[in-house]
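Asker: Sequence:
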Amino acid sequence: MTMRTVPAVLHAAARQAASDLRPVILGTGAISLLFTAVPVILVGRLSNGAVDAATAFGPMFVAGSIGAFSCFITMQIVGETYGDRVGGALLRVRILPHGPAVWALGKTISTIANTIAIQAAMLLAAVLFVDLPLSASQILTCLPLIALSAVASAPLGFLMGALARGVYSMLVTYLVIFALVLTSGVLFPLTWLPGWAQGIQLVLPTYWSGHLSRWALAGDPAWEIGGAFAPALAAGVLAAWAVVGFAAVPAVIRRSFRRESIGTLSRMQSTIRSQSGL
1 MTMRTVPAVL
11 HAAARQAASD
21 LRPVILGTGA
31 ISLLFTAVPV
41 ILVGRLSNGA
51 VDAATAFGPM
61 FVAGSIGAFS
71 CFITMQIVGE
81 TYGDRVGGAL
91 LRVRILPHGP
101 AVWALGKTIS
111 TIANTIAIQA
121 AMLLAAVLFV
131 DLPLSASQIL
141 TCLPLIALSA
151 VASAPLGFLM
161 GALARGVYSM
171 LVTYLVIFAL
181 VLTSGVLFPL
191 TWLPGWAQGI
201 QLVLPTYWSG
211 HLSRWALAGD
221 PAWEIGGAFA
231 PALAAGVLAA
241 WAVVGFAAVP
251 AVIRRSFRRE
261 SIGTLSRMQS
271 TIRSQSGL
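Take the sequence shown: its position 20, counting from 1, is numbered 20 in this note's numbering, and each next residue is one higher.
Quick caveat, the hints were computed from the structure, so don't treat them as lab data.
Virtual Cβ for every residue (Gly too), placed ideally from N, Cα, C.
Take these hints with a grain of salt, some might be off.
As the list claims (entries may be wrong) - Simulated restraints, written as ranges between beta carbons of each label pair:
{"#": "1", "residue 1": "A232", "residue 2": "S169", "range": "22 to 30 Å"}
{"#": "2", "residue 1": "V38", "residue 2": "S137", "range": "24 to 32 Å"}
{"#": "3", "residue 1": "L175", "residue 2": "S266", "range": "38 to 46 Å"}
{"#": "4", "residue 1": "P39", "residue 2": "L171", "range": "16 to 24 Å"}
{"#": "5", "residue 1": "I25", "residue 2": "I139", "range": "18 to 26 Å"}
{"#": "6", "residue 1": "S135", "residue 2": "H98", "range": "44 to 52 Å"}
{"#": "7", "residue 1": "G195", "residue 2": "L175", "range": "16 to 24 Å"}
Go ahead and model the full structure; you've got the sequences and the hints to work with.
Answerer: Below, the structure is given as structure tokens:
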């Protein structure tokens, strides 16, 4: 790719992202986006039983979820990558000029935008329905943190998506993502986990994403490692994941696309039909 082709690649990626986002913004997609926040808000509302709203389970859960659930962008990228692979879209993209780069960039833009919209809806619902006293400055602080969490987690989606080349491997990937997010300190203090599990979380964006949103919205460090907030460290870890992750993604994408062929697609579709009994 040369400097002369960069504008064309960016334009094509923007068009792809717009086509991916159109069903989300229009029609039933917008309704499903709003309903994504409902379970979290219900749990936060029903679990709010403490006198001090900042330390009640419900508000702490909601505050952590607004950041940590941004990491579910990895699941979205894995699922969309698998769908494009099985449907033959990746094979068609492979033969286009700069096709893999356009596809990866467009997918990054659309999934990050979708994640920010979902988490912003959750933040709005928290302001309206959860006893979590929030100021305008707290809300404005949290919005870029949501974006940072999504950007930091997106490379993991491409790395895992390159490995999930079958139904079972995709399901295992989903389970791993669920386990990492739900044990990241969003449901209970991270100190409840054994030391090795805490170590895993401390090097991943899952814990630090929730850490930042709890710092911005709840202000109570009771659930944090060491009993104190470290927003600068958290932002540094997430920025490192974004920089290093997106530096590694092009090589992973190129290697993954080289494995796409008519024979591979045919075998994959045949395996899916046999597994589903068709």
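Asker: Each hint should be assessed against the structure and marked as holding or not.
Answerer: Verification of the supplied hints:
1. A232 <-> S169: 22 to 30 Å: Given range 22 to 30 Å: violated, Cβ gap about 37 Å.
2. V38 <-> S137: 24 to 32 Å: Since V38 and S137 have Cβ atoms about 27 Å apart, the given range 24 to 32 Å holds.
3. L175 <-> S266: 38 to 46 Å: Check failed, 28 Å falls outside 38 to 46 Å.
4. P39 <-> L171: 16 to 24 Å: With a Cβ separation near 21 Å, P39 and L171 satisfy 16 to 24 Å, so the hint holds.
5. I25 <-> I139: 18 to 26 Å: 22 Å, holds
6. S135 <-> H98: 44 to 52 Å: Between S135 and H98, where Cβ atoms are some 45 Å apart, the hint holds.
7. G195 <-> L175: 16 to 24 Å: 23 Å, holds
Consistency with the previously given hints fails for numbers 1 and 3, ordered from lowest to highest.
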